[in-house]
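Engineer: Produce the complete structure using the sequences and hints provided.
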Amino acid sequence: MKTRVFGCGKFRRLMYEQGDRELSPREANFLALHREVCRPCERREIEGASALDLLRMGALQPEVRPQYEERVLRKLRVQTARDTWRYWSPALTGAAIAGVAIISAMQMVSRSTTLPVFRPSGQDARLLRMSHQGLPILLLDWDVSSTEASSPSAVRLDP
Amino acid sequence: MYNVLGNVAASFFQPRIVAGGAAEAAIRERQWVCRCREGDETAMTALISRHRGRLVRTATNLLRDRHEAEDVSQDAFLKAFREIQKLRDDRAFSGYLYRICVRLCMDRLRSRRPEVVEFDSIQPHSGGAVEDRVVVERLLTQLPAELRTTLVLREMEQLSYEEVAEAMHVPVGTVRSRLHTARERFRKLWIEAVAE
Chain A
0 MKTRVFGCGK FRRLMYEQGD RELSPREANF LALHREVCRP CERREIEGAS
50 ALDLLRMGAL QPEVRPQYEE RVLRKLRVQT ARDTWRYWSP ALTGAAIAGV
100 AIISAMQMVS RSTTLPVFRP SGQDARLLRM SHQGLPILLL DWDVSSTEAS
150 SPSAVRLDP
Chain B
0 MYNVLGNVAA SFFQPRIVAG GAAEAAIRER QWVCRCREGD ETAMTALISR
50 HRGRLVRTAT NLLRDRHEAE DVSQDAFLKA FREIQKLRDD RAFSGYLYRI
100 CVRLCMDRLR SRRPEVVEFD SIQPHSGGAV EDRVVVERLL TQLPAELRTT
150 LVLREMEQLS YEEVAEAMHV PVGTVRSRLH TARERFRKLW IEAVAE
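In order, the protein sequences belong to chains A and B. Heads up: the first sequence runs through residues 0 to 158, numbered per numbering that gives the first Met the number 0. Heads up: the second sequence runs through residues 0 to 195, numbered per numbering that gives the first Met the number 0.
Hints were generated in silico from the structure; no laboratory data involved. It is possible that some hints are incorrect.
Okay, the calculated bits of chain A under chain B, using three or more residues with CB under 8 angstroms as the criterion [claimed, not checked]:
id, stretch
1, 23-33
2, 39-53
3, 56-70
4, 91-104
On the chain B side, residues computed to face chain A include the following (Cβ under 8 angstroms) [what the hints assert, rightly or not]:
id, residue
5, 43
6, 47
7, 81
8, 128
9, 154
In silico DSSO-like links for lysine-lysine, alpha-carbon gap of 27 angstroms or less [unchecked claim]:
id, chain 1, residue 1, chain 2, residue 2
10, B, 78, A, 74
11, B, 187, A, 74
12, B, 187, A, 9
Quick caveat: nothing in here was measured; it's all calculated off a predicted structure. Even glycine gets a Cβ: it sits at the ideal position worked out from N, Cα and C.
Structural biologist: Set out below in structure tokens:
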């Protein structure tokens, strides 16, 4: 018959937990008995305690540099301003695009009333007249640079 | 006789005074948090002064870098103030702030590349405080972020299991198992370092 007297796994768990909580008398008794019998576990416990002591001694106690609060508040103000801009920037960009579009549309509408006058001169005018004999001839003012170019009547009929 | 009575009276009233002071501080902190919601910078300064030491210390022990720790602690304050509207209970500000700081530290640790540590140049048994810190730093770099954070919060910051669980946003059982694993790994790493 195989009897399990103690367990190294349980010892490993309890050897760390004894620093975290108060062990029950039964658990404490188990640890003591196991420690006496199992040398590797005893050594492991010593090593573990030494390692954790080293870890605790390695804790740092840093000094906070002066003007810490001011630096945090300054960062907070910058971030708040940035967030405000980020929040409103799509609306502002949309408004700017809409404004440009409206101005462009108004420009196009105002220019449509001043179209250049087409008036063929010399040879072209004669050719046009010949090809449309008997009919009223469409005579267009071609000379854009002339003063008539700014005339609102782009097309006129010549009997 | 009067001295004895005086000592008894002092020992009787002392805990009440301490408890009263803590309660008063808690009430004041709630007022500061309320004013912070309205953007009061004086209240923010008061809250920063109250919590900065603990935050910087925890971040330094987690990251083992003072400058980075200060940056992270400042980021934690910024995040806490900007998202203070999400905080439902004003009394929970301290834990809320601490949780943010721990999370930011863990993010930093995860983003770091794992280092290959050589122990040839250092002597773990030299006994000096500086040498101890160097050894601890090098051993900690070899632990994953979760194990390292659990170990540091428990062993260096002396937090209870419940506090560690709250700070890391994990169940207490997870803290217990992680702590056991972290301690075992740290012990093995230390043994290896000593053996080299």
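Engineer: Of the numbered hints stated previously, which ones are contradicted by the structure, given in increasing order?
Structural biologist: Hints 1, 4 and 11 are the ones this structure does not satisfy, whereas the remaining hints hold.
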